[in-house]
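Peer 1: Numbering (numbering that gives the first Met the number 0), first residue to last: 0 to 83.
Simulated from the structure, these hints should not be mistaken for laboratory data.
A quick note: this is a predicted structure, and the numbers were derived from the prediction, not measured.
Cβ coordinates follow ideal geometry from the N, Cα and C atoms, glycine included.
Hints may contain errors.
Simulated restraints on C-beta separations [unchecked claim]:
#1 K18 - V52: 18 to 28 Å
#2 A13 - D64: 31 to 41 Å
#3 E8 - G54: 39 to 49 Å
#4 A46 - E4: 19 to 29 Å
#5 T51 - G19: 22 to 32 Å
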Amino acid sequence: MNRPETLAEQVIDALSAIKGMSAHTDHPLPERHAVRDIKRIAEQTLADACRTVIGLSYTVTHITDAINEAKGSGAQGEAQEVKP
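Just need the whole structure built from these sequences, with the hints factored in.
Peer 2: Put into C-alpha cells, the structure is as follows:
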C-alpha cells in the first residue's frame, strides 16, 4: 500500500517536473515554443500558489490577533490566547 505524499514531497515533485520540462526545449522543432510556454505557465502557477498561501497565512495572523484583542478587552473572565 502506498503512503500518501506529504505536501513537501508534492512540492518537490512539482519543482522536479518543471525542471524536467527544460529537457524538451533544446531541439529545433517548432513545438519547443509550446513546451516553453507550458513550462512558464507551470512556474507561474506554482509561484501564484506560494503567494496565495503566504497571503492566507497573514490573514490568519490578523484574524487571530483580532480575536485575542477582542477577548482581552471583553468583560467576560480571563482572555485565552488563540494560536494560528
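Peer 1: For every hint, state whether the structure bears it out.
Peer 2: Going down the list of hints, with the structure as the test:
no. : hint                  : verdict
1   : K18 - V52: 18 to 28 Å : 21 Å, holds
2   : A13 - D64: 31 to 41 Å : 32 Å, holds
3   : E8 - G54: 39 to 49 Å  : 24 Å, violated
4   : A46 - E4: 19 to 29 Å  : 21 Å, holds
5   : T51 - G19: 22 to 32 Å : 24 Å, holds
Going down the numbered hints, you'll see the structure goes against just number 3.
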